[in-house]
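Chemist: Protein chains in written order, with our numbering: chain Y, 1 to 565; chain R, 1 to 307; chain S, 1 to 317.
Don't read these hints as lab results, they were simulated from the structure. Ideal placement from N, C-alpha and C gives every residue a C-beta, glycine not left out. The reader is advised that the hints may include incorrect statements.
[What the hints assert, rightly or not] Here are some of the chain R residues that sit facing chain S, going by a computed Cβ distance under 8 Å:
id	residue
1	Met142
2	Gly275
3	Ile278
[Stated by the list, open to error] Computed list of lysine to aspartate or glutamate pairs in DMTMM-like fashion (alpha-carbon distance at most 20 Å, straight line):
id	chain 1	residue 1	chain 2	residue 2
4	Y	Lys334	R	Asp71
5	Y	Lys394	R	Glu66
6	Y	Lys334	R	Glu75
7	Y	Lys139	Y	Asp194
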Amino acid sequence: MSKVPNLAIAMVAMLALGACGGGAAGPTALTPVKGGTMTVAVWQEPNTLYPYYATQTVSTLVYEIALEGLVRVTPDGAYQPVLAKEVPTAANGGLKLSPGGQSMDVTYHLKPGLKWADGQPVTSDDIRFTWQAIMKDPKVTTRGGYDQITSIDTPDPVTAVVHYGSIYAAYASRFSSSAGQPILPKHVLEKEADISKSDFVRTPSGTGPFKITEFKSADHITAERNPNYREAGKPYLDRIIFRSVPSREVALAQLKAGEVDAMWNLLEAQLPDIQKQTDIKVRAVTSPSVERLEFNLAKPANPADPNVPHPVLGDVNMRHALVLATPKAELVSKLLFGKATVAQSTLSIGWAAPKDVHQDDYNPTKAKQVLDQAGWVAGSDGIRVKNGVRASLKITTTTGDQIREEIEQVLVDRWRQIGVALEVSNIPSSVLFGSWSANAPRKKGNFDINMYASSPDIDPQETVAQRFACANIPRPENNGAGFNYYRYCDSQTDQLIQQAGSIVDQDKRKQLYSSILKRLNDAQISVWLYNRSSIDAYRSNVGGYKDNGWDNLTWNTEDWFVSKK
Amino acid sequence: MATWTRASATPEAALAELGLPEHASHWRLALERFWAHRLAVASLVILLVLVVLVLLGPVLSPYSPEHTNLDVRYEAPSRAHPMGTDSLGRDLLTRIMFGGRVSLTIGVLAMTVAITLGVVIGGLAGFYGGVPDAVLMRFVDMMLSFPRLFLLILFSVFFGGHFLTVILLLGALSWMGVSRIIRASFLSLKERQFVEAARALAVSNRAIMLRHLLPNALAPIIVAATLGIATAIIAESTLSFLGLGIQPPTPSWGNMLKDAQTDMVTAPWTAVFPGLAIFVTVVAINFIGDGLRDALDPQHVNRSVRR
Amino acid sequence: MSRYASRRLLQALPLLLGISVASFLIINAVPGGPLSAYENAPGVTPLDLQRLEHQLGLDQPLYIRYVSWLTHFLSGDWGYSYATQQPVLAMIRERLPNTLYLMGTVYIVTLLLAIPLGVVTAIRQYSWLDHFFTGLSFAGLSMPTFWLGLLMIIVLGLTLRLFPLGGIGTPGADFNVFDRLWHLALPVATLSFVGIAHYSRYLRASMLETLHQDYMRTARAKGLSHRSAVFHHALKNAALPLVTIAALDLPELFVGALVTEQIFGWPGMGRLFWDSATRSDYPVLMGILAVSSTLIVLANLAADLTYGYLDPRIRYA
Chain Y
1 MSKVPNLAIA
11 MVAMLALGAC
21 GGGAAGPTAL
31 TPVKGGTMTV
41 AVWQEPNTLY
51 PYYATQTVST
61 LVYEIALEGL
71 VRVTPDGAYQ
81 PVLAKEVPTA
91 ANGGLKLSPG
101 GQSMDVTYHL
111 KPGLKWADGQ
121 PVTSDDIRFT
131 WQAIMKDPKV
141 TTRGGYDQIT
151 SIDTPDPVTA
161 VVHYGSIYAA
171 YASRFSSSAG
181 QPILPKHVLE
191 KEADISKSDF
201 VRTPSGTGPF
211 KITEFKSADH
221 ITAERNPNYR
231 EAGKPYLDRI
241 IFRSVPSREV
251 ALAQLKAGEV
261 DAMWNLLEAQ
271 LPDIQKQTDI
281 KVRAVTSPSV
291 ERLEFNLAKP
301 ANPADPNVPH
311 PVLGDVNMRH
321 ALVLATPKAE
331 LVSKLLFGKA
341 TVAQSTLSIG
351 WAAPKDVHQD
361 DYNPTKAKQV
371 LDQAGWVAGS
381 DGIRVKNGVR
391 ASLKITTTTG
401 DQIREEIEQV
411 LVDRWRQIGV
421 ALEVSNIPSS
431 VLFGSWSANA
441 PRKKGNFDIN
451 MYASSPDIDP
461 QETVAQRFAC
471 ANIPRPENNG
481 AGFNYYRYCD
491 SQTDQLIQQA
501 GSIVDQDKRK
511 QLYSSILKRL
521 NDAQISVWLY
531 NRSSIDAYRS
541 NVGGYKDNGW
551 DNLTWNTEDW
561 FVSKK
Chain R
1 MATWTRASAT
11 PEAALAELGL
21 PEHASHWRLA
31 LERFWAHRLA
41 VASLVILLVL
51 VVLVLLGPVL
61 SPYSPEHTNL
71 DVRYEAPSRA
81 HPMGTDSLGR
91 DLLTRIMFGG
101 RVSLTIGVLA
111 MTVAITLGVV
121 IGGLAGFYGG
131 VPDAVLMRFV
141 DMMLSFPRLF
151 LLILFSVFFG
161 GHFLTVILLL
171 GALSWMGVSR
181 IIRASFLSLK
191 ERQFVEAARA
201 LAVSNRAIML
211 RHLLPNALAP
221 IIVAATLGIA
231 TAIIAESTLS
241 FLGLGIQPPT
251 PSWGNMLKDA
261 QTDMVTAPWT
271 AVFPGLAIFV
281 TVVAINFIGD
291 GLRDALDPQH
301 VNRSVRR
Chain S
1 MSRYASRRLL
11 QALPLLLGIS
21 VASFLIINAV
31 PGGPLSAYEN
41 APGVTPLDLQ
51 RLEHQLGLDQ
61 PLYIRYVSWL
71 THFLSGDWGY
81 SYATQQPVLA
91 MIRERLPNTL
101 YLMGTVYIVT
111 LLLAIPLGVV
121 TAIRQYSWLD
131 HFFTGLSFAG
141 LSMPTFWLGL
151 LMIIVLGLTL
161 RLFPLGGIGT
171 PGADFNVFDR
181 LWHLALPVAT
191 LSFVGIAHYS
201 RYLRASMLET
211 LHQDYMRTAR
221 AKGLSHRSAV
231 FHHALKNAAL
241 PLVTIAALDL
251 PELFVGALVT
261 EQIFGWPGMG
271 RLFWDSATRS
281 DYPVLMGILA
291 VSSTLIVLAN
301 LAADLTYGYL
311 DPRIRYA
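So that you can see chain Y by itself, here it is in the shape it has in the complex (with noise of 0.2 Å):
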């Protein structure tokens, strides 16, 4: 579980992705410059920038810069300390499990003179608080894990052991800014009734390099150099300010133009526009999000009853057929521009990321053999057909998104060759991700095929977990409380998965991760597309950003600059 041979493997995994934007390194042969102002284009606006509220990535993004957590995640998909002075472990005995192990502690010493941007001393009383805002608060995003820890002793201003109740196997990935869970000022929150209705929400300022010191709706969030960050002569910036444009088009035209130095999240269609100006790189990271096409076992009704297979994809070798007949490669080189990796399990990367997990590449040959050998007969029209159900699916995604419209239309194409009809019908994303109560078919178990993007967490356990367990499938019995839209049910993995959740060894873990994700992709529950990339673009002029798949380009904001151009 100690961070030095998970890196080593995890440099190996780096080394064999290779050229397809999973690089760690950022740019070359430019010097830092102090001083100056940098631009990021922005075309969507953070609702809110507390992080506890915040559901959108460009909220992240921004009001990281300014809050920090005790631990991150640094590339290679390692915890590093941040405002902590190391990762507790129970190699360095900040981790201890109780004597009948049924709870643990976790404790966090913090780094000497730390100050928040105000000049105030961060203590571990700011530990505590943070946790008591999160379970006081009903307007929270997330509780995962902070529900179970029980209390938080300060013995002294830099010492916080934090008491769970239970074996809480993510307990690294609390508090930390990759998560979006950073440490929040207990002097300025405490006197707030309700946190949503101050400023904090609109211009927070915390540990980090920078504090948001204006945010103008519609027009431009500002964002100083905090004069108290712990590292000294950083950041070299003097201020960031991200600019709300009205579009990505907006954005690259502005970029291109040279009035803003950097351009957060382009969408693929938008490279070959770009990629023959010399004076912008693109970097297209590999993200955790992993796009897939989601097959329903069970009948689709409103709601579905899982002990009810899909007439259709009840069957595993029509399930396995899909899979060889979708051509992942050529989607991923020529409608995602190669900047993206074909998937191969849930889990892309990080520690937990399987090597030898592999689904089966694309070949409709085997695809129209495994489905002959299964007993479904092409008809006249050329679908198959077998104990007189039809080969009929509807696949479903979020409208607007070109890149998934496309890949579905390619998809009727090839499956069609196979014998299979295959019929789109989109919803937007609010319907697709809906609530059980609001009827939602992707909770109800109205669907054929969904696709869509989802990204684990740095600690897998709950992913895993919520999504294929037997016991969280949505159900009329549990209020449709769970993930597992596939109604898979197997005692096996629900075994495996109770036991990773169960255990702190990181290795023993992760073997249980790779059997897990070998029986789902033996029982082809998914077609895993492609590992998503975030692809941001920079002028040449601007240095310091590192890529980092489990985070945002603003990860790493003090190493940022802009040189003279």
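Position chains R and S against the provided structure of chain Y, taking the given hints into account.
Modeler: Structure of chains R and S alone, referenced to chain Y:
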């Protein structure tokens, strides 16, 4: 200085002006008047050509509208692809022809729904008057008070982007104007003597409405119907542009424009041609509608026939 | 007349109430709900979702939520956005000026150009001027607005680089009147083109009808000059229907052209509606629908009253 020609005082004079025998029916008169409206006639020809292209073209095209070829994405117009290719390497001209089938069909059917609803509701309101009129008209007011596009969006999200749904939705939100016209028409017509005569003969209400009032109100209905097709085509294109109408891969002129906003930077032809198809069709329909209005409405200003 | 007005106003209240009920039902019937934003956030557990559902009051029956919304609304509390947690009224107040600014300019430009155009093409019927502008008008009537906008962006923005690609002003620059006008140009041109087409055709038809009336011949016979006859008699009468149309279009000033705002990235009410609709932000949706339906009802009333007032035949009836 303009010459202000006077509307022909009598039907006989109108007929004489057009060189027609005195006993020609008023439909014949209408036809002649339409024929004199040169733009309308030209538009009719254009529209017929378009319809033929849309019906036959797909049969003649060597390409399939749904077959993707990722190696020829975003190709500019060339001999192999007269209108270029789109983001999945599909021939744009073929898709426009197929899309024409979809868009035109939706246009005609949506209009039919709207006209039917409008005639029924407006007719009942105008004929019965009094309380039914007030209730129905308040209902019309309520429908009109909803911002139409907002309702369209909300319902589309709810019911999905299927062929039938789009038609019903578009029809259900555009009948209000027609109903007002029909109501006004019936209100004035029912005071006429021929209605009084029919009542004296104990003709049933339904028969009066269907066999006496409706045929006389046909002129505004025909004009409204024609223009209704144009409106429906544009409405469908707007809906599909927002991603809520006809779903890909089925092409419709509207959903082909959907990705135009991002694609137009690298491949402007994907934005120009589908829109041009809509434009030409709708212009033609509008001119035809204009011609019909001139032809069918005897009270309308009689254009001086220039021969 | 005032009795009629007050009667209509009273009738408007149940109408508005009915609309608000219907809107509420429709919005809530759309599957999905506002929790979708949380669903895909990494790390969110089903427990979190249950808590948030309760927090937003979504686990209560529909009629209770409606009554709650109504009572708050009438007392001035329009609720808080599910997405941004900001007060709905503040959000609307923030966006409304942008829409007003765009649509107001469109409105004025449209009327300023449509009226003379309608009059001139009517007087000079069949001249080359008439044919030219008729052709242009038909073009305007037949184009989907969004296509015209896209074409303008392609030709004037991307190819010729004469105008910006969108937005209300140059991002990052200080307020500058010329910059604002420069950004207004394309969206106003797009919307006005269509508007002028409609209004000028309408006025032209109305003028032609008026010009051919017998009383015009009488006026000329009495020795009135051509110009005087046209302006004092024809135009005044022909403009009446136009006034009602213009009044009916007033709500557009506040509600905005959704698709145009999308294309030009204009931060207005239309955009707010679209964003809220796609993420099921019920409070904001109800707020916007309340505003727009009230305005439409009032505009209808104003149109009827104005027509009634301006037409002496009705006024003195």
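Chemist: Does the alpha-carbon distance linking Y:Lys139 and Y:Asp194 stay inside the 20 Å limit?
Modeler: The given pair, whose Cα atoms are some 10 Å apart, holds under the 20 Å limit.
Chemist: When the nearest CB of chain S is found for R:Gly275, is that gap smaller than 8 Å?
Modeler: holds, 4 Å
Chemist: Does the alpha-carbon distance linking Y:Lys394 and R:Glu66 stay inside the 20 Å limit?
Modeler: holds, 16 Å
Chemist: Check whether the Cα positions of Y:Lys334 and R:Asp71 lie no farther apart than 20 Å.
Modeler: Roughly 8 Å separates the two Cα atoms, so the pair holds.
Chemist: Double-check R:Met142 for me: the hint is only fine if its C-beta lies closer than 8 Å to a C-beta in chain S.
Modeler: holds, 6 Å
Chemist: Can we keep the R:Ile278 interface hint, with Cβ of chain S closer than 8 Å?
Modeler: It holds, given that the least Cβ distance between R:Ile278 and chain S is near 6 Å, below 8 Å.
Chemist: For the pair supplied as a hint, Y:Lys334 and R:Glu75, is the alpha-carbon distance within the 20 Å limit?
Modeler: holds, 14 Å
The earlier numbered hints are all upheld by this structure, with none contradicted.
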